[in-house]
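Residues per chain are reported as follows:
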Amino acid sequence: MSSASSDPGTHTRTYLTVFGALAILTVVTVTVGYMSLPVGAAIVVALSIASLKGALVASFFMHLISEQKPILWLLLLTLGLLLVLIFILIIAFYDHAGTIIVT
Amino acid sequence: METIPYTVTPREDTGLINAKLGIWLFLASEVMLFGGLFSAYIFLRLGAVSWPEGSSILNVPIGTFNTLVLIGSSVTMVLSWAALAEQRFDRFRLYLGLTMLLSLLFLVVKGFEYSEKFSHHLYPSSSSFMAIYFTLTGLHALHIIGGLVVNGYLWGPGSKMWASDPERFTNRVEIAGLYWHFVDLVWIFLFPVLYLL
Numbered sequence: 000m001s002s003a004s005s006d007p008g009t010h011t012r013t014y015l016t017v018f019g020a021l022a023i024l025t026v027v028t029v030t031v032g033y034m035s036l037p038v039g040a041a042i043v044v045a046l047s048i049a050s051l052k053g054a055l056v057a058s059f060f061m062h063l064i065s066e067q068k069p070i071l072w073l074l075l076l077t078l079g080l081l082l083v084l085i086f087i088l089i090i091a092f093y094d095h096a097g098t099i100i101v102t
Numbered sequence: 000m001e002t003i004p005y006t007v008t009p010r011e012d013t014g015l016i017n018a019k020l021g022i023w024l025f026l027a028s029e030v031m032l033f034g035g036l037f038s039a040y041i042f043l044r045l046g047a048v049s050w051p052e053g054s055s056i057l058n059v060p061i062g063t064f065n066t067l068v069l070i071g072s073s074v075t076m077v078l079s080w081a082a083l084a085e086q087r088f089d090r091f092r093l094y095l096g097l098t099m100l101l102s103l104l105f106l107v108v109k110g111f112e113y114s115e116k117f118s119h120h121l122y123p124s125s126s127s128f129m130a131i132y133f134t135l136t137g138l139h140a141l142h143i144i145g146g147l148v149v150n151g152y153l154w155g156p157g158s159k160m161w162a163s164d165p166e167r168f169t170n171r172v173e174i175a176g177l178y179w180h181f182v183d184l185v186w187i188f189l190f191p192v193l194y195l196l
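If you read the protein sequences in the order shown, they are chains A and B.
Quick note: the first sequence uses numbering that gives the first Met the number 0, first residue 0, plus one each step.
Quick note: the second sequence uses numbering that gives the first Met the number 0, first residue 0, plus one each step.
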């Protein structure tokens, strides 16, 4: 059993603190969205904040900080495969080898 | 009568109850499902001659509101499980009920957004942006409905198990919660990608 499972009562305050952090980060990402940053910078900022929020949800609400190793390895493998899935498409898009460029 | 093994005590080899390993395997497959669609979004956007800024088509304040609603539902979900672990069944009912109300509110707001798009003749066939918007948010909304069905069962008829096997029931709520937090997590990425970029 994870430590979070064995003693959930003491974690109530943590859950509420995480909720506050998630709400603040949501407001921050929307505020930055209105600042008309260049597309590249806007993508980096928005995805960084989303990743931070995602990490908070996974770590505290899904108890990953105290979860057993098999789950963590499974998730690591999944994230690796996800990156492969995304980057294969991006590489395929930018790979113009063999194409005929008509000028 | 022989029951399903490892619903309460962890298996020795994995150190986990079966249901927890099962839900995480399912969530891993869900990561790839949504990941494939996110890849489709990137691919469509890279190949497009021009791509609209999400905020020029979608309503950012409404999207922000719905994000906060879903985050709120995640908190009430985890609190409902914590209440069971503290033997507070009344509080469990309250928090899970709130979770369901917030999920319904999310769906109502989403429906309002959809109908607004339809009234402006914006359909999945209108553009690549609208196609991926409806696909991603539609699939996400189906997940919300699925979560509502499971949570509704645990709040209503399924809660009888609390009297007969409280530990197993608490684990069921934890497993349902893991799914619900994943649905929240997907929206955390969908919102900026579709509404803000």
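Note that these hints are calculated values from the structure, not bench results.
A portion of the hints provided could be inaccurate.
[As the list claims (entries may be wrong)] To give an idea of the chain A side of the interface with chain B (calculated C-beta under 7 Å), a few residues: (1) T11; (2) V27; (3) T28; (4) A45; (5) A54; (6) V56; (7) F60.
The C-beta atom is built at its ideal place from N, Cα and C for all residues, glycine as well.
*asked:* A closest beta-carbon separation below 7 Å is what the hint needs, so does A:V27 meet it against chain B?
replied: violated (11 Å)
*Measuring from the C-beta of A:T28 to each C-beta in chain B, is the shortest one below 7 Å?*
Holds, about 6 Å.
_Is the interface hint satisfied for A:A54? The criterion is a beta-carbon contact with chain B at less than 7 Å._
For A:A54, the interface hint is violated, since the closest Cβ of chain B sits about 10 Å away, which is over 7 Å.
*Was the hint right that A:F60 lines chain B, CB cutoff 7 Å?*
holds (4 Å)
*Does the interface hint hold: is A:T11 within less than 7 Å of chain B, judged Cβ to Cβ?*
Holds: closest Cβ of chain B sits about 6 Å from A:T11, inside 7 Å.
_Quick check on A:A45 please, does its C-beta sit within 7 Å of some C-beta on chain B?_
holds (4 Å)
*Under the criterion of a CB-CB separation shorter than 7 Å, is A:V56 in contact with chain B as hinted?*
holds (5 Å)
In this structure, the hints that do not hold are numbers 2 and 5, in rising order.
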